[in-house]
Amino acid sequence: MWRSVCQDVSTALLARTRLHGLRYIVSPPGGSAGRRIFWLVALCTSVGFLLSWSSNRLLHWLSFPTYTRVHSEWAKELPFPTVTICNNNPVRLLKLTKSDLYFAGHWLGLLLANRTVRPLVLDLLHEERHAWFHKLTDFRLFLPPRHFEGTTLEFMGRLSHQLEDMMLSCKYRGEACGTHNFTTVFTRYGKCYMFNAAEEGKTLRTTMKGGTGNGLEIMLDIQQDEYLPVWGETEETAFEAGIRVQIHSQAEPPFVHELGFGVAPGFQTFVATQEQRLTYLPPPWGECVSTALTSGFFPVYSVTACRIDCETRYVVENCNCRMVHMPGDAPYCTPEQYKDCAEPALAALSAVEGSGCVCRTPCNTTRYNKELSMVKIPSKTSARYLEKRFNRSEKYISDNILVLDVFFEALNYETIEQKKAYEVAGLLGDIGGQMGLFIGASILTILEMFDYAYEVSPHRNTLRASGR
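Residue 1582, in my numbering, is where the sequence shown stops; the numbers in between run on with no holes.
Heads up, some of the hints might be wrong.
Claimed, not checked - No farther apart than 25 Å at their CA atoms in a straight line, the calculated lysine to any residue pairs in the SDA-like style are these:
#1 K1323 to V1489
#2 K1190 to E1485
#3 K1494 to A1378
#4 K1502 to K1484
#5 K1484 to F1300
#6 K1212 to T1448
#7 K1484 to G1325
#8 K1494 to Y1510
#9 K1490 to E1401
#10 K1285 to K1323
#11 K1285 to Y1527
#12 K1533 to S1404
#13 K1316 to Y1527
#14 K1209 to A1147
#15 K1285 to T1448
#16 K1190 to G1325
#17 K1484 to A1189
#18 K1533 to W1399
#19 K1490 to C1473
#20 K1249 to Y1216
#21 K1190 to F1384
#22 K1509 to G1380
#23 K1502 to P1379
Simulated from the structure, these hints should not be mistaken for laboratory data.
Remember, predicted model here, so these are calculated numbers, not experimental data.
Full structure from sequences and hints, please.
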């Protein structure tokens, strides 16, 4: 009985189904065996192609492909980026006291480990400073404190180049600005200064035009006469004179020693910038991160925040102290700890490939493209005017004074978005199209198959038999 019912249902399904070719395998009655075999082979071949192409589309979907969309948008006004500036020289030589030199002289490369003057240093100093330096380094009658007084943060803050001493003029969008428009921040270069940093209770500066004169223009004296003498390759001295500049978003801490560019004295440097807003996809389509770091040092995740966080944890774990640019509540490293532990630890961390600080891209970030150009200052015609204005010689101006002009190239920004190239809707559309192409099937055809399976199921036939 059950076999008869199954045969009746199967014959009826095969005769009426919308699945192309299936009906010709069983109908019309009395059809030749060759014809049925032909349609059976054709159907099996089509099903094979369907499975092959569908599996290809499924594997493509499981590879989570992406594409990048780039487009430009115009704006009535744009928030001006943060501009961080650092003098290449971290410590002013003429501001050092005997106590400073006693504790930090070896770290700064001025003294040997036994606190005697490094011979090459005297050769590099101007002759008129020899007597002053000999007196400063004569520790025979000096009664030093038992420990380094204060902190390295206070030391760097006091001895770094002060903005009020360096700044000769400042303009933003043609209007005067000053040191009160800058925020102090500590980096690997010591004490640095940020223009238009995010501060609670203060609105960010914006600009409504592109081109020179519509951004930040500052004139600085780098005070090269107060640079530490360079006798060789040391950690805290620089071969170059000038300032280091980084242009970045307010949500991102400065990382000037790696991401900054140099501005030389004796030149006016023009920096035309364009804002880029980048959007990346999280796993499995991409590798971006959107959650803040667990340390809580930085409220917004960025690659630089991750790098600083990683370096901080590494130095604190290995040296039980932190450098002046590192966040947290660990004590600041003393000059001796800087020399013996912190700086070697950072160098070792950078040298380890793969197991160092691995920081993924944030899902949303803003960066600024830059185009630099420069002209020589002073010109022959302006040299005398600048000499009188600043009471400095033309040589001093050429060796120490620079002008930095940062502005938007145009009032537009570029949006770069990583998007999903193949989603579920595309997968279903492709498989549905291939089902229609190869076997003439649809979702309703699949429902017919399920209905057929139910009709021939033992449970269904048991209920039918009991009803009789």
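Here is how each hint holds up against the structure:
1. A hinted pair counts as satisfied when its Cα atoms are at most 25 Å apart, and K1323 with V1489 qualifies at roughly 23 Å.
2. Proximity of K1190 to E1485 is assessed by CA-CA distance (about 22 Å); at most 25 Å being required, the pair is judged to hold.
3. Our distance criterion of 25 Å between C-alpha atoms is met by K1494 and A1378, whose separation comes to about 19 Å.
4. For the suggested pair K1502 and K1484, the alpha carbons sit about 34 Å apart, so the restraint of at most 25 Å is broken.
5. Only pairs whose Cα atoms come within 25 Å are accepted, and K1484 paired with F1300 is accepted, the gap being roughly 24 Å.
6. For the hint linking K1212 to T1448, the alpha-carbon distance of about 16 Å falls within 25 Å, and the restraint holds.
7. Taking the CA atoms of K1484 and G1325, the gap is about 13 Å. The hint holds against a cut of 25 Å.
8. For the hint pairing K1494 with Y1510, the CA-to-CA distance comes to about 14 Å; that is within 25 Å, so the pair holds.
9. For the proposed pair K1490 and E1401, the alpha carbon gap of about 45 Å is over 25 Å, so the pair is violated.
10. Restraint check for K1285 and K1323: satisfied, since their Cα atoms lie roughly 15 Å apart, inside the 25 Å limit.
11. A threshold of 25 Å between alpha carbons decides the hint, and for K1285 with Y1527 the separation of about 24 Å falls inside it, so the pair holds.
12. At roughly 16 Å between alpha-carbon atoms, K1533 and S1404 fall within 25 Å of each other, so this suggested pair holds.
13. Distance hint between K1316 and Y1527 is fulfilled; the C-alpha atoms sit about 24 Å from each other, no more than 25 Å.
14. The suggested pairing of K1209 with A1147 is violated, with an alpha-carbon distance near 106 Å, which exceeds 25 Å.
15. As the CA atoms of K1285 and T1448 are separated by approximately 38 Å, the hinted pair breaks the 25 Å bound.
16. About 14 Å separates the Cα atoms of K1190 and G1325, which keeps this hinted pair within 25 Å; it holds.
17. For the suggested pair K1484 and A1189, the alpha carbons sit about 19 Å apart, so the restraint of at most 25 Å is met.
18. Note on K1533 and W1399: the hinted pairing holds, with a Cα-Cα distance of about 9 Å set against a maximum of 25 Å.
19. About 40 Å separates the Cα atoms of K1490 and C1473, which puts this hinted pair outside 25 Å; it is violated.
20. A threshold of 25 Å between alpha carbons decides the hint, and for K1249 with Y1216 the separation of about 12 Å falls inside it, so the pair holds.
21. At roughly 23 Å between alpha-carbon atoms, K1190 and F1384 fall within 25 Å of each other, so this suggested pair holds.
22. Between K1509 and G1380 the alpha-carbon distance is near 9 Å, which keeps this suggested pair within the 25 Å criterion.
23. At most 25 Å may separate the alpha-carbon atoms for a hinted pair to count; K1502 and P1379 meet this at roughly 19 Å.
Against the hints set out earlier in the document, violations occur for numbers 4, 9, 14, 15, 19.
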